[in-house]
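Can you build the whole structure from these sequences, using the hints too?
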Amino acid sequence: MRTVKALQRAALVAVCLCATEALADARLEARRHFRNGMSLIASGQFDPGIAELEAAYAIKPHPNVLFNIARAYQDAGRNQEALDTFKRYLASNPADSSSVTGQVAKLEAALKAAEVAAEPKPGASGSSLPMPPPPASVQTTQQLATLMERLEKAIARAESLPSQPQQGPASSTYVPVALPGSGVEAAAAPAVDEGAVPYEERVVTASRRAQSSLEAPNATTVITAEDIRLSGATSLSELMRRVPGADVMTLGVGSANVSLRGFNQRIANKVLVLVDGRTEYQDFLGLTLWSTLPIGLDEIERIEVIRGPGSALYGANAMLGVINIITQAPGSGPRSRFTATVGSGHTVDGSFVSHGGSGPLRFRASAAYAQEDKWSRDYGDDRPDVALLGGSPEIGLRGARGNLSTVYTFDNGRQLGVSGGVHRYATEVYPLGLLRNYYLNGLSAYAKSDVELGPIKVKAFWNHLAVDAGPQYEPIGQRSLATHVTSNVFNGEALYAKNFELAGEHQVNIGVEGRLKRVAFSYLGPLRQEVHAAAFIQDEWRVVEPFRFVASYRVDRHPLLDNGKPGLAHSPRVSALFTPFEGQAFRASAASAFREPTFLESYTRLPVPVPGVNGASVLTTGSTQLRPERLTALELGWRGEAPELGFDWDLALYQNTVKDLIGLSAFQALPAGEAYDPGTGSYLLGRSVFQNEAAIYTARGVEAGVTLAPIDGLGIKASAAIQHMTAQNEEQCGPCSQAPGVKLYGGVTYRTRADLEFGVDAAFTSSTTWIEREPSPSDPTTVQFNSNPLSAYTVINARVGYEAVKDAVSVALVGSHLGGTHAQHPFGNRIERRVFATLTVTP
Amino acid sequence: MSRPIPASTRALWALAVSSVLSAGCESPPVVPTADHQQNTRAGRIEGTLVAQTRARGNAIVFIYDADRPPPPVGTGRPKAFTVIPAVELFGQALGDPSATGPFTAPFTLSLVEPGRYLLRGFIDADTCRTGAQPCHTSDFIPWYGVTGEPNMGDVGGAAVDLATGASRILEVTSDADGWPQPLTGVAVSFSDTATVPLDRPAFQVAVGTRTLDAKSGTKLLKLRPQVISQGGVEQRPPGFLVQYVDDNHDGIPDDANHDNVGDLWPKVVVRKLAGTVGVLDENDLDHNGIPDAEGVDYVHTDGMRDGQPDVVVLAAGLVPDALIAALTDEQGAPRMKPIIAPELDIAIRPIALDARNPAAPAPLASLPSGRYSITLITSTGQTWRVPNELDPALAPALGLPSVETQSFTIEVP
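First to last, the sequence lines map onto chains V and R.
Residues 1 to 843 (this note's numbering) are what the first sequence spells out, left to right.
Residues 844 to 1256 (this note's numbering) are what the second sequence spells out, left to right.
Hints are computed from structural coordinates only; laboratory data are not their basis.
Given the structure is predicted, the values throughout are model-derived calculations rather than measurements.
We treat Cβ as the ideally placed atom computed from N, Cα and C, and that holds for glycine.
It is possible that some hints are incorrect.
Unchecked claim - Every beta carbon over 12 Å from chain V, so not counted as near; a handful from chain R, in silico:
(1) Gln935
(2) Thr947
(3) Thr1036
(4) Val1048
(5) Asp1106
(6) Tyr1141
(7) Val1162
(8) Pro1181
(9) Leu1196
(10) Asn1200
(11) Ala1205
As the list claims (entries may be wrong) - A few chain R residues that face chain V, going by a derived Cβ cut-off under 10 Å, partial list only:
(12) Glu956
(13) Ala1117
(14) Thr1119
What the hints assert, rightly or not - Covered stretches of chain V, going by a simulated chain R footprint (3 or more residues, C-beta under 8 Å):
(15) 614-621
(16) 670-676
Spelled out as structure tokens, the structure:
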């Protein structure tokens, strides 16, 4: 036992000797320094305490740390340093600048008075000899005066605290009187909100306003820009593996499906993905085309993942969770940054990001090009039976994109944000049923505007998608399913925030939203158009510390929900939070959520050729009579932190009950009179229709995640998710066998004194069995359900980085999927190891 | 602010980057997924349809295993089919029934495995376009027995040897690496000379009982044409096309059983059905015309089972007496041209055979109990079977009209 401890200590010492600089997890490391510093200051050890705060600030600048440093200097009686630090604080343009300015004036006056007092008085002796020490009685008087001053400051500080939201039951942090960013913040707000309490984890997605993740009514996971950089991840979807409970299924380089807490599938459709509050969920299919998002990893400030239902605030499709990708605020980064990546699989990736501004206008502009080969091809060249229909047989992803995001701040502080982007790409997607991988060759674009009008925020955006699509390979001579899709979504919403007192403090958010969707897609028949509307309200009621309650309700009007006529979907959520100690939050919540039928599920009429029988098709049809998929969720959570140890943890237990799942029925014979389809010149073997399943699925699970930054330079993340799903009224439960029962994630990052960075992470997914329909090999006119076992797999990624020129040039070597070849879906690519080299230049 | 980079570090990075670059030159490997189609190797047959006809309608081309030809030569069922829409085949002439072509259009049969094949087809004519009375619109539906064959006015076609006019056997071969080779340039010809003269031999059992047992002796049934004109099924046979069999084309009726009576079309097949309901044949539950790998094996007259699922048929045939008279001219010589008989008498003997090998049926030791169907096969290759999908117990679920007479079965207790 002693030996083990000795080895542990030796390892710890060795690590400490090597690591002098951050950063593996900047927030946790800075927070550890900050908390340790505050403890030292509270015990009167000002110098080491201030040094710790300075270390925290050096790791991750936060204006409130400067405020605390200044107060510490002031408490230590070092007014000149206090003054200097207050001025640094004011330079960050804090919201409480007026009161701090007054304080600065007092300090300047006090210093001037001290200088005057120190100057020799006229008539006094002109001797240069040192003055004898004052009498003991005078020293005692000065000490008493200092003590009195500290007492007064403490009282003033105590009086100032109630004027801003409590961040915990007994915060040990000095907090400025008025807090930058402490107001209501919409999920879409691009500005970086660092919160009042330095280095606390902040989220904006859980309640559509900025709050500590401890206060969030859902289980949340935040992936920071630093996490992204150190992970070496090459795609957004891969990053999601670090989210406890996330199901990531990569079928190709450019095709991934992400779900939360089960129900993943080709075309995963139960998680809402937002970019700065703008939906990236494609309503015509019901999926997120991850590789077509018009943003790059190097533009992301952080990703917030809400694990659990989010329909109470976000409406349809936020059924199992919300992933909100928050990009860097305009003007918040370097003037220019170039990144170039080359690697195996003919990977070539280059990007340029620029931040800047002029006066009240700030901007972020970016441009990028990326291409990467598939991991594997389904068919070889020059086959006598199957031909390549569209796209390149080798390219998995190729695209060029550009973005411009601007913010104009008016004199009165109000802001207008305008942004837009475009992505021209060629990639692939794996649709449902009998269909296999499709090429996508097209363009996505968006334009968005955010306006802040005091407590009201107005947002409008337009999403556009125009793609040529079709099966990448088709039997020669078979009728082609190639098509073109044009989708336009127009969305407008207004949010209103109000705080008031009524038997406790209330924070109320009210929102209304309208959306027009227009989809031209030959699979759906004529141009389809839907108008949606919604309203929601949320009240966070701090009835009495340490209890608070959050009640949310949203109603969505959908044009088809009442048996094909306009109907309403209601999504309530109630949460109770109990924070008995600082940094510890216990949560219980109940919510319902829904997923609306997609255009594909509502309107499809697609005769799919029967392979090898060119005169036959099987008809896939939508139904306008579909009910929405419904989820009822119960969740218990515990989120805690030990700042002095650099340790955060999150535990969640949940039960999700899903009914009315929408899926394709078994094939049904058609009446003889409908057997011939003149549009395709083929005979319809039968029909498979989108329908609500009778089964009721219950998923129960537990998710646990920890983040550690015990010493500078070392960061550790680990999580585990275990889930068990059952079904009522269903003999063969596809979603049960397709959801991995166990998912594990572990990641370590380490940065040495020599500016070398090491990172490695591993994600384990247990085995699954996929029930997929295929034509019978012996008789293709018979469609059968096949059981496809998929082995467990582990995805291992690693990164080595080196900062060759401080703050200017860095290089990195990244290995992805180092765990070996595997497939994540029976019809997906065989994923291979790849290695990339990246050069980043920040002139 | 820059700092010097150690030579070793530079070398390490250079090595790493060069490794990356060299590793990036390989193309993605071909790795089929679990999808069945990706794990098969097939070829294709493609060519041109050539139609010289006044008929207008979609052209249907079937592919048969050469070893399992369709009626009237065999009882094979198509492996696949393709449809060439009328608008593609006839183009501007679609609305001009006076034009006879030739009309051409390309066709492809996809995903054809290596093997020997026959191509047959017909133009599913819309005879109402030509003003014929009675007429029918294009009425082929491949999914039902009662709608899956040509009718009167349809024009037959096949891939034939242009020199001999015989059916051409098409072979899809594989190369040295096992890759099937596409077979191209195949012509499938349609001509008005192959116009189908009558609707299919739809019948009902007008006289006769269902039950047959070993003690009851030969059962006689009288079949009469069944007119059906509803729910997408159009059959108006004026009678049954009857003629002598002359497979060797010598102008003399064949006499395969040497009973000194010329063999006649239509042929009669009485086959055992599976289970107590439905129209599937016993031991052919996938309805592909090939005996299943597993099934019922009956005891043969030698007291042994042959170890394979049996194709059980009963000894049956036309009662020729009345027909022979009609097929004999004034000089007593056989008339080789077909006649239309208003009714047929068939005889079913209580003798069961295993027709797994149609050329040498093997007698069974006893009469297997169960249901049996009756099938007529005419010289044109058209067939009709009772019971079929028009059985009121089946028809509503299939979207077909119910016809009570079409539920008739021979019952062996």
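Status of the hints after comparison with the structure:
no., hint, in the structure
1, Gln935, "holds, 18 Å"
2, Thr947, "holds, 16 Å"
3, Thr1036, "holds, 25 Å"
4, Val1048, "holds, 24 Å"
5, Asp1106, "holds, 34 Å"
6, Tyr1141, "holds, 25 Å"
7, Val1162, "holds, 34 Å"
8, Pro1181, "holds, 30 Å"
9, Leu1196, "holds, 27 Å"
10, Asn1200, "holds, 22 Å"
11, Ala1205, "holds, 27 Å"
12, Glu956, "holds, 9 Å"
13, Ala1117, "violated, 17 Å"
14, Thr1119, "violated, 21 Å"
15, 614-621, "holds (count 3)"
16, 670-676, "holds (count 7)"
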